[in-house]
Amino acid sequence: MFRNQYDSDVTVWSPQGRLHQVEYAMEAVKLGSATVGLKNKQFAVLIALKRAVSELSAYQKKIIPIDDHIGISISGLTADARMLSRFMRTECLNHRYSHDAPMPVGRLIALVGNKMQICTQRYDKRPLGVGLLVAGYDDQGPHIYQTCPSANFFDCRAMAIGARSQSARTYLEKHLNTFMDSDLQELVAHGLRALRDTLPNEVELNTKNVSIAIVGPKTPLRVSDEAELTRFLALVEGEERRGGGASATGDAGPAPDRPAGEDRDPQAAVAMDTE
Amino acid sequence: MAFMGDMINPLPFWQNGPAPAAFYNFPGNSSNGPIGQSTQDFKAHSANPITTTTTVIGLKFDKGCVIAADTLGSYGSLARFRDCPRVLKVNDLILLGSGGDYADYQYLRDIIEQKIIDEQCIGDGLQLKPKSLYCWLTRVLYNKRSKMDPLWNNYVVAGIQDGEPFLGAVDKLGTAYEDATIATGMGAYMATPLLRDALEKGPLDEESAKALARKCMEVLFYRDARSFPRYQLGVVTADGVIVEDPVELKHDWTLAHMIQMK
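First to last, the sequence lines map onto chains A and B. 2 is the number of the first residue of the first sequence in the numbering used here; add one for each residue after it. 10 is the number of the first residue of the second sequence in the numbering used here; add one for each residue after it.
Just so you know, these hints were derived from the structure itself, not from any lab. Careful: at least some of the hints might be erroneous.
Straight line, CA to CA, 20 Å or less: simulated EDC-like cross-link-like pairs of lysine to aspartate or glutamate [said to hold, decoys possible]:
#  : chain 1 : residue 1 : chain 2 : residue 2
1  : B       : 224       : B       : 257
2  : B       : 219       : B       : 248
3  : A       : 126       : B       : 15
4  : B       : 140       : A       : 101
5  : B       : 140       : B       : 101
6  : B       : 140       : A       : 227
7  : B       : 140       : A       : 140
8  : B       : 124       : A       : 10
9  : B       : 140       : B       : 92
10 : B       : 124       : A       : 226
11 : A       : 42        : B       : 133
12 : B       : 72        : B       : 101
13 : B       : 140       : A       : 139
Pairwise CB distance ranges (calculated) [stated by the list, open to error]:
#  : chain 1 : residue 1 : chain 2 : residue 2 : range
14 : B       : 16        : A       : 209       : 39 to 47 Å
15 : B       : 123       : A       : 175       : 43 to 51 Å
16 : B       : 19        : A       : 14        : 19 to 27 Å
17 : A       : 119       : B       : 220       : 35 to 43 Å
18 : B       : 21        : A       : 16        : 34 to 42 Å
19 : B       : 157       : A       : 17        : 14 to 22 Å
20 : B       : 34        : A       : 62        : 47 to 55 Å
21 : A       : 14        : B       : 16        : 12 to 20 Å
22 : A       : 207       : B       : 134       : 39 to 47 Å
Beta carbons are placed, not taken as given, at the ideal position from N, Cα and C, and that holds for glycine.
All chains, full assembly: derive it from the sequences and hints.
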């Protein structure tokens with residue numbers, strides 16, 4: 002295909018005005034397991050599906066605390082996520098030290114976006130292959146932000162990224178108007194249901210493969226322990242799944258979530274946000 | 010290639026060596042004399058304040074804070090510059106007063122104003138808060154003093170922090186403290202008792218706080234040898250910051266004849 006001439010270097014535009022390397026990096030995000038973020042008037046919540054490489058290994062951590070008031074959930078290359086989280090932690094810490102106040106979430110996201118943009122404009126770097134969902138609480142209230150390898154970032158009311166996350170997004174869109182007035186329990190329940198919609202048929206949510214993080218007023222970022230996870234999972238136990246059974250690719254392994262369409266160009270809508 | 014950098018930002022060919030087309034001071038040699046001097050870096054060690062300003066006073070009242078300072082820049086014992094305003098509106102929440110070297114204040118003032126401009130450019134509706142500026146100033150001043158290159162100033166930061174009045178002081182060593190009354194320079198000895206006595210009786214309202222500040226400026230003019238009768242008052246409340254134009258003190262020397270020098 003003619004796009005193959007223009008896709009080996011991030012500094013080369015395609016004739017259609019696309020940077021294919023950036024779009025391929027976005028595909029890496031879709032390979033990671035799903036994660037959901039949503040907020041109500043006070044709290045921001047992250048819910049992530051953890052994946053184990055094999056039965057022998059532990060489940061990969063998806064939620065990384067950044068500061069008392071900010072946490073992130075990752076999807077994509079974990080190593081790239083570690084670099085970003087180290088940067089975010091340093092910025093938050095320096096801000097707290099010099100200003101005696103927590104860093105405003107939006108400003109941190111802008112710094113992350115600027116850092117990621119550098120990688121999309123140099124011939125000796127590659128875009129970071131990780132998408133983040135950032136949950137934070139500051140003077141302006143709770144926030145959910147999404148970042149992409151394209152260095153775009155979006156302020157969201159709710160969002161889901163990762164493998165088969167379209168089902169989760171559908172659920173979130175359907176119930177969007179109820180989130181603001183939900184209390185914390187209902188909010189987490191909604192998030193768990195959204196996450197459950199991304200599961201293949203034979204996989205269930207349990208305390209081993211789910212991670213929940215909550216942040217809010219007078220509530221420093223807290224990643225739920227086993228007891229709290231059990232309580233939250235009990236809220237959605239025994240419910241029917243809506244629109245489940247997304248794909249036939251058995252376990253939550255690193256298979257792509259639709260048949261690899263080599264002849265099909267990736268959708269450019271999300272990748273290159275040129276507005 | 011990554012190790013060559015690129016056209017616009019080339020990486021240097023070597024580290025720790027002579028820069029192309031410049032004199033190189035070999036490490037380990039003592040100063041190379043007149044020719045060597047011109048290419049050495051100039052490092053400041055300690056500083057002497059040149060044009061100085063005197064006391065700043067600050068006090069809290071029920072709904073905000075008042076800061077007062079005169080407008081004289083002294084050149085040693087010469088009362089040289091009579092219009093040196095040093096009460097600054099930083100943003101709608103913060104008032105800053107400065108005493109000490111005037112050039113150092115001007116330098117930091119520009120940096121602080123740029124910080125505010127940068128914040129406006131971000132445009133997210135969040136404003137710098139007084140405690141954050143106070144903390145930032147402490148870190149900057151302490152850092153400079155630790156390099157033996159201090160900014161020779163006393164700062165008084167006043168403002169509204171999360172709905173409550175805030176008042177703090179930072180000096181050239183990076184010593185920082187908060188209090189309901191602050192006075193720097195000569196005022197620390199003369200104005201502090203007046204301010205504390207008044208506040209001990211109970212919280213003040215805006216008018217009595219301003220009257221108290223004016224009284225302190227009057228006492229300071231009589232007794233501080235580096236003071237001046239024109240001064241500025243600044244007030245910060247939840248409604249915003251007002252820095253008034255300089256006013257002239259009315260001073261009465263009729264009792265001067267009573268002072269006998271033996």
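Each hint tested on the structure:
1. With a C-alpha separation of about 13 Å, the suggested pair residue 224 (chain B) and residue 257 (chain B) falls inside the 20 Å cut-off, and the hint holds.
2. The straight-line distance between the Cα atoms of residue 219 (chain B) and residue 248 (chain B) is roughly 16 Å, inside the 20 Å bound, and the hint therefore holds.
3. At most 20 Å may separate the alpha-carbon atoms for a hinted pair to count; residue 126 (chain A) and residue 15 (chain B) meet this at roughly 12 Å.
4. The hinted pair formed by residue 140 (chain B) and residue 101 (chain A) meets the criterion: a straight-line CA distance of about 7 Å does not exceed 20 Å.
5. Proposed proximity of residue 140 (chain B) and residue 101 (chain B) is supported: the alpha carbons are some 14 Å apart, at most 20 Å.
6. A distance of roughly 39 Å separates the Cα atoms of residue 140 (chain B) and residue 227 (chain A); the hinted pair therefore is violated under the 20 Å criterion.
7. Only pairs whose Cα atoms come within 20 Å are accepted, and residue 140 (chain B) paired with residue 140 (chain A) is accepted, the gap being roughly 15 Å.
8. Of the pairs offered as hints, the one joining residue 124 (chain B) and residue 10 (chain A) is violated, with about 38 Å between alpha carbons and a cut-off of 20 Å exceeded.
9. A C-alpha spacing of about 29 Å is found between residue 140 (chain B) and residue 92 (chain B), which places the hinted pair above 20 Å, so the restraint is violated.
10. Using a Cα cut-off of 20 Å, the hinted pair residue 124 (chain B) and residue 226 (chain A) is violated, with the two alpha carbons roughly 41 Å apart.
11. Straight-line distance between C-alpha atoms of residue 42 (chain A) and residue 133 (chain B) comes to about 19 Å, which keeps the hinted pair within the 20 Å bound.
12. Note on residue 72 (chain B) and residue 101 (chain B): the hinted pairing holds, with a Cα-Cα distance of about 15 Å set against a maximum of 20 Å.
13. Using a Cα cut-off of 20 Å, the hinted pair residue 140 (chain B) and residue 139 (chain A) holds, with the two alpha carbons roughly 16 Å apart.
14. Distance hint for residue 16 (chain B) and residue 209 (chain A): a CB-CB separation of about 53 Å, inconsistent with the stated range 39 to 47 Å.
15. Roughly 47 Å separates the CB atoms of residue 123 (chain B) and residue 175 (chain A), a value that falls within the hinted 43 to 51 Å.
16. Evaluation of the 19 to 27 Å hint for residue 19 (chain B) and residue 14 (chain A) yields a pass: the beta carbon distance comes to about 25 Å.
17. One distance hint, 35 to 43 Å for the beta-carbon pair residue 119 (chain A) and residue 220 (chain B), is violated here, with the actual separation near 57 Å.
18. Distance hint check for residue 21 (chain B) and residue 16 (chain A): the Cβ-Cβ separation is about 38 Å, which falls inside the suggested range of 34 to 42 Å.
19. Checked against the given bound of 14 to 22 Å, the beta carbons of residue 157 (chain B) and residue 17 (chain A), roughly 60 Å apart, lie outside it.
20. Between residue 34 (chain B) and residue 62 (chain A) the CB atoms are about 51 Å apart, so this pair conforms to the stated range of 47 to 55 Å.
21. With their beta carbons about 19 Å apart, residue 14 (chain A) and residue 16 (chain B) fall inside the hinted range of 12 to 20 Å.
22. For residue 207 (chain A) and residue 134 (chain B), the Cβ-Cβ distance of about 42 Å falls inside the hinted range of 39 to 47 Å, so the restraint holds.
When held up to the earlier numbered hints, the structure conflicts with 6, 8, 9, 10, 14, 17 and 19 and fits the remainder.
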